[in-house]
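S.K.: Here's the letter readout for the chains.
There are 2 protein chains.
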Amino acid sequence: MIAIDWGSSSLRAWRLDANGAAVDTRRADLGALGHGAATPALLADALQGWDDTELLLCGMVGARGGWSDAPYLPCPATPGALAQALQEVPTQGTALQGRRARIVPGVRGGSQALPDVMRGEETQIVGLLSQCPDAAQVCLPGTHSKWVSLQAGAIASVHTAMTGESYALYRQHSMLARSMPPTSEPEAFDADAFAAGVRRSGEPGGLLHHLFGVRTLGLFDRLGPAQAPAYLSGLLIGHEVRAQLPLRAPVHLIGGPTLGARYRQAFDLLGIDSHLHGEDLAACGLFHLTR
Amino acid sequence: MIAIDWGSSSLRAWRLDANGAAVDTRRADLGALGHGAATPALLADALQGWDDTELLLCGMVGARGGWSDAPYLPCPATPGALAQALQEVPTQGTALQGRRARIVPGVRGGSQALPDVMRGEETQIVGLLSQCPDAAQVCLPGTHSKWVSLQAGAIASVHTAMTGESYALYRQHSMLARSMPPTSEPEAFDADAFAAGVRRSGEPGGLLHHLFGVRTLGLFDRLGPAQAPAYLSGLLIGHEVRAQLPLRAPVHLIGGPTLGARYRQAFDLLGIDSHLHGEDLAACGLFHLTR
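Line order of the protein sequences matches chains B and W. Here the first sequence stands for residues 1 to 291, where the numbers follow my numbering. Here the second sequence stands for residues 1 to 291, where the numbers follow my numbering.
Hints are computed from structural coordinates only; laboratory data are not their basis. Don't be surprised by glycine CBs; every beta carbon is placed ideally from N, CA and C. Possibly wrong hints are sitting among the right ones.
[Claimed, not checked] Per label pair, the in silico range of CB-to-CB distance:
no., chain 1, residue 1, chain 2, residue 2, range
1, B, PRO246, W, PRO74, 38 to 48 Å
2, W, ASP273, B, GLN151, 39 to 49 Å
3, B, PRO186, W, SER68, 31 to 41 Å
4, W, SER184, B, SER9, 20 to 30 Å
5, W, ASP273, B, GLN172, 16 to 26 Å
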């Protein structure tokens with residue numbers, strides 16, 4: 001089978017053998033939204049040479065504006081319920097003719113009055129549960145970080161924080177960017193400045209006030225331009241994590257190595273035990289949803 | 001005399017009689033920064049036809065990159081100390097020759113480790129103190145909102161929140177903008193949506209999480225596109241004000257009518273007594289600094 005995690009900015013695909021082991025992997029800078037009827041042809045291109053008939057997809061490919069809108073499954077959502085709710089997309093008359101394509105639905109948490117959602121992360125969590133059935137607290141950092149509570153092997157709640165996107169906004173478009181090197185230059189990560197930002201996030205005054213400190217610390221030479229991006233990152237991640245306290249440790253972190261290391265550092269500073277898992281849990285989750 | 005409040009995006013000038021009454025006013029979309037040696041000529045242009053010899057300026061005109069860098073006065077700062085610290089700028093050989101130009105210094109608060117600053121707002125506060133000597137708590141909403149505590153007629157502390165700039169960033173550049181009408185269209189203010197945002201800001205989860213609600217509320221048709229900007233504004237202003245609690249009421253608000261009305265609504269929702277003052281307090285403050 002072919003496992004595909006197709007998000008809003010990139011596509012990752014794994015060719016899996018009958019035991020779920022990846023025999024090949026691919027990655028493309030191709031977002032899942034806005035292609036309309038051209039979607040199957042784009043996907044066939046991305047999978048060229050892989051002739052497996054079984055395709056299972058997760059992520060924004062199932063969102064409004066993606067290939068086919070797969071309605072959200074409400075919490076609590078078990079891996080079994082997700083497997084039951086796989087949505088088949090017709091491929092006849094398309095570049096994918098002769099193959100079966102199914103999309104994993106997203107999951108909806110929050111309250112009726114204030115819903116929260118995820119698409120793609122639920123599949124990584126299925127992968128996590130197959131390896132750590134007792135996992136209770138998951139953090140998936142990113143543009144829109146997801147915090148997920150698990151209860152008795154089911155996704156019990158979803159909670160999103162706009163941390164990564166906020167970092168990019170302040171880093172690139174705000175007055176704070178003037179205190180930092182141009183984003184075109186390669187950026188070294190300053191772990192001490194990051195830690196100072198995480199510590200600052202625990203003081204009174206609120207995020208909107210703490211952010212202005214990036215400017216005044218620069219103005220009075222307390223923070224160099226090269227340190228300012230890491231300090232900003234520490235402020236935002238610190239606020240994100242503290243808003244989740246108290247947490248049920250260990251927190252299972254699912255993410256790439258760079259962001260994973262930053263969050264581990266923040267957890268360490270806050271005295272929270274955490275385990276880092278790679279993003280390949282998506283392939284593992286897609287495989288388990290077909291069992 | 002001529003009183004001038006010259007900030008980073010606009011210049012406002014008042015021609016005052018011997019009693020401090022404005023006999024004429026002007027406004028120009030002319031920022032104070034980055035003009036270098038051309039500054040006196042630009043100012044002479046803006047004041048054309050006003051032949052008074054006495055010029056008193058406040059705002060970013062005294063910042064690094066402005067006409068002349070006027071060092072910050074530390075807290076606690078009294079109106080008398082500000083008057084003593086007026087910084088004269090030589091005008092000989094410039095388009096302002098024969099006139100005396102002085103700049104009000106900014107004020108620096110915060111701690112040694114984490115300074116905070118303002119430029120221009122201190123002069124509005126001098127104007128406020130001349131009318132309300134007992135004022136204790138001041139809020140000056142804007143791109144960078146300033147919160148100032150007064151003690152015994154002196155500026156005791158300065159605290160900045162990046163509320164207005166954050167609103168503009170999320171409104172124009174974030175994923176949330178997709179849930180809202182284009183910024184090119186005229187925008188009606190929805191007081192109910194604003195109030196919902198202010199209430200939401202008091203719930204657990206933190207600002208980075210509350211912001212994502214703008215997206216999910218739109219996704220599930222709980223918030224229309226036309227209401228979303230006011231909800232976002234309420235979220236941000238709610239977080240700003242709550243981070244200041246407990247406040248010493250009445251809070252003296254200094255600002256234009258639009259933003260002033262929003263903050264008054266937020267204060268009303270939080271049960272805080274407030275008084276709104278107009279931005280002409282700058283002219284009043286400049287007059288008092290020459291007494």
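S.K.: Evaluate each hint against the coordinates.
M.R.: A quick look at each hint next to the structure:
1. Taking 38 to 48 Å as the suggested C-beta distance range, the pair PRO246/B and PRO74/W conforms, at roughly 40 Å.
2. In this structure the supplied range 39 to 49 Å holds for ASP273/W paired with GLN151/B, their Cβ-Cβ distance being about 45 Å.
3. Our hint of 31 to 41 Å for PRO186/B and SER68/W holds, since their Cβ atoms are close to 37 Å apart.
4. Between SER184/W and SER9/B the beta carbon distance is about 26 Å. The supplied range of 20 to 30 Å therefore holds.
5. A hinted range of 16 to 26 Å for the beta carbons of ASP273/W and GLN172/B is inconsistent with their spacing of about 40 Å.
The earlier numbered hint that this structure contradicts is number 5, and it is the only one.
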